[in-house]
Amino acid sequence: MIELDIRKELAGAQGSFTLDVKMRIERGEFVTLFGLSGAGKTTLLRCIAGLAAPDSGSIRVNGEAWFGGGETLPVQRRRVGYMFQDYVLFPNMTVRGNLEFARRPGADRHRVSELIEIMALGELQHRKPATLSGGQQQRVALARALAADPQLLLLDEPFSALDQETCLRLQDEVLRLQRHFAITTVMVSHDVSEVYRLSRRVLVIEHGRIAREGAPAEIFGAGRAGGKFVFAGEVLAIEAADVVFAVTLLVGNQIVRVIVTAEERLRLKPGDRVMLLSKAFNPVLVPC
Amino acid sequence: MHYDWQPLLLTFKLAAITTFILCLIGIPFAWWLSQTKVRIKPALEALVAMPLVLPPSVLGFYLLLAFSPAHWFGGAVEHMTGIKLAFSFSGLVVASVIFSFPFLVHPVQSGFQNLPQSLSEAASTLGKSRWQIFLHVLLPNIKPSLLAGIVLSFAHTIGEFGVVLMIGGNMPGETRVASIAIYDEVEALNYGTANFYALVLFGVCFAILLGVYLVNKKLAMRVG
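Protein sequence lines, in the order shown, are assigned to chains A and B.
Per the working numbering, the first sequence runs over residues 1 to 288.
Per the working numbering, the second sequence runs over residues 1001 to 1224.
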């Protein structure tokens, strides 16, 4: 169980702000920190891991003080499995070497072999990371994080660099492993579909604070906007069309055009991540 | 014309010992320098780089003064270890280590600096100590920089002349390295012998550098 109550001054793109978060995560839970880039999600994750230090507050994990009262438990002794956004595999070691390196002294020798088997890395185990595809590297990074037998799994936007198909496959994998090892997991994400698929609880972080908290369906679902379908998308272009504006969106791997008013247009610019809500009063379902 | 291998052997012995000592001191120092945030870092970096721009005679002059048994440094070294630094092989080693320091530290330091910070972070989340990270993660990933640093400092020590002349003199078997011997032979109009030493140095240095470029090409291909 994680009990966290911290503050840290952060320098953002629009001036500095304070990361001020109080939260509690139960053992075995899968929680997502959701929000825009620069909201402080990754810093929060780094504070839990011990890669960054809060200015004040406390972090307790399973009754053990990790931070607070002038004491800081070094990152080496926190036993976290941290998966970086760009995986950060050790280039000088093979796939198996990466996993062996992660194994803690005295830990079960079979764990590495077990992970290689579970994650179907057998074929790749003697290859160097540079020769692997993005999806393969991601699997190795996940296996490495688990090889350290962590009491806490921290995932920093683990699927952001992958194509849609690989992404879905690996999300299933993460879910399966998280349940297999019953490991408390905190994931940072800005992808709604990802949050829906993986976590039971989502904390929406805005400007360093928890703005909303609840099950993904409550946060993104019908209750809030009266819509039934929710898609996460990115604004690609905005064009004027008579009195309204046509916004071109990238949703998943599809391009969609949506009409918005001049007023709504003011709040959007290309590159923005948006949520597309649609009422499902007339859906067409086609078997595929 | 007589061929004496002694100056050449002495040169390579000096270069090998110097490079070995440089690795022991210079690699950890380069690592520290790449990480540190101390305020005197620019001053330290300037000091390390000094031998690149300073005339060897300047460095040689001060080392000569410092190595003298009358000076506190030379006196203390002689008193404590019995080693005489002025006009001796040991003195040459000390001077060469100082003089070739930037040639090892610079490439190795930039090698460490070019490694992503997240590499150390990833290893530390896996419970590894700073020393384990240095040995198993950082060092193996800067092999081309290490190779460049080691070879450059070795080759630079071979090519040393001014400092050796100032503090070593010209004692056969002790301080008469090949570069001094060439100068000496030319002065005595023994062009043939001078040519022999010069040609060997030329060939060896070329072979070493060629080796480095070939190995680096291979390393680059393996990564790419």
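If you are wondering where the hints come from, they were derived from the structure by calculation, not from laboratory data.
Hints may be right or wrong, so weigh each one.
[What the hints assert, rightly or not] Here are the simulated DSSO-like pairs of lysine-lysine, each with C-alpha atoms no more than 30 Å apart in a straight line:
| hint | chain 1 | residue 1 | chain 2 | residue 2 |
| --- | --- | --- | --- | --- |
| 1 | B | 1084 | B | 1037 |
| 2 | B | 1143 | B | 1218 |
| 3 | B | 1037 | B | 1143 |
| 4 | A | 22 | A | 8 |
| 5 | B | 1041 | B | 1218 |
| 6 | B | 1218 | A | 8 |
| 7 | B | 1218 | B | 1084 |
| 8 | B | 1218 | B | 1037 |
| 9 | A | 128 | B | 1217 |
| 10 | A | 279 | A | 269 |
| 11 | B | 1217 | B | 1143 |
| 12 | A | 128 | B | 1143 |
| 13 | B | 1013 | A | 128 |
| 14 | B | 1013 | B | 1217 |
| 15 | B | 1037 | A | 8 |
Since this is a predicted model, take the numbers as computed values, not measurements.
These are the hints, each one checked on the structure:
Restraint check: the Cα-Cα separation between residue 1084 (chain B) and residue 1037 (chain B) comes to about 38 Å, which exceeds 30 Å; the hinted pair is violated. With a CA separation close to 12 Å, the supplied pair residue 1143 (chain B) and residue 1218 (chain B) stays within the 30 Å bound. Restraint check for residue 1037 (chain B) and residue 1143 (chain B): the C-alpha separation of about 25 Å stays at or below 30 Å, so the hint holds. This hinted pair checks out: residue 22 (chain A) and residue 8 (chain A) have alpha carbons roughly 12 Å apart, not beyond 30 Å.
Under the criterion of a C-alpha separation no larger than 30 Å, the hint pairing residue 1041 (chain B) with residue 1218 (chain B) is inconsistent with the structure, at around 35 Å. Straight-line distance between C-alpha atoms of residue 1218 (chain B) and residue 8 (chain A) comes to about 46 Å, which puts the hinted pair past the 30 Å bound. Our distance criterion of 30 Å between C-alpha atoms is broken by residue 1218 (chain B) and residue 1084 (chain B), whose separation comes to about 44 Å. Our distance criterion of 30 Å between C-alpha atoms is broken by residue 1218 (chain B) and residue 1037 (chain B), whose separation comes to about 35 Å.
A hinted pair counts as satisfied when its Cα atoms are at most 30 Å apart, and residue 128 (chain A) with residue 1217 (chain B) qualifies at roughly 18 Å. With a CA separation close to 24 Å, the supplied pair residue 279 (chain A) and residue 269 (chain A) stays within the 30 Å bound. For the hint linking residue 1217 (chain B) to residue 1143 (chain B), the alpha-carbon distance of about 12 Å falls within 30 Å, and the restraint holds. Straight-line distance between C-alpha atoms of residue 128 (chain A) and residue 1143 (chain B) comes to about 16 Å, which keeps the hinted pair within the 30 Å bound.
Annotation: proposed proximity of residue 1013 (chain B) to residue 128 (chain A) is violated, straight-line Cα distance about 38 Å (limit 30 Å). Taken as a hint, the residue 1013 (chain B) and residue 1217 (chain B) pair is honoured in the structure, with Cα atoms around 28 Å apart against an allowance of 30 Å. Proposed proximity of residue 1037 (chain B) and residue 8 (chain A) is supported: the alpha carbons are some 21 Å apart, at most 30 Å.
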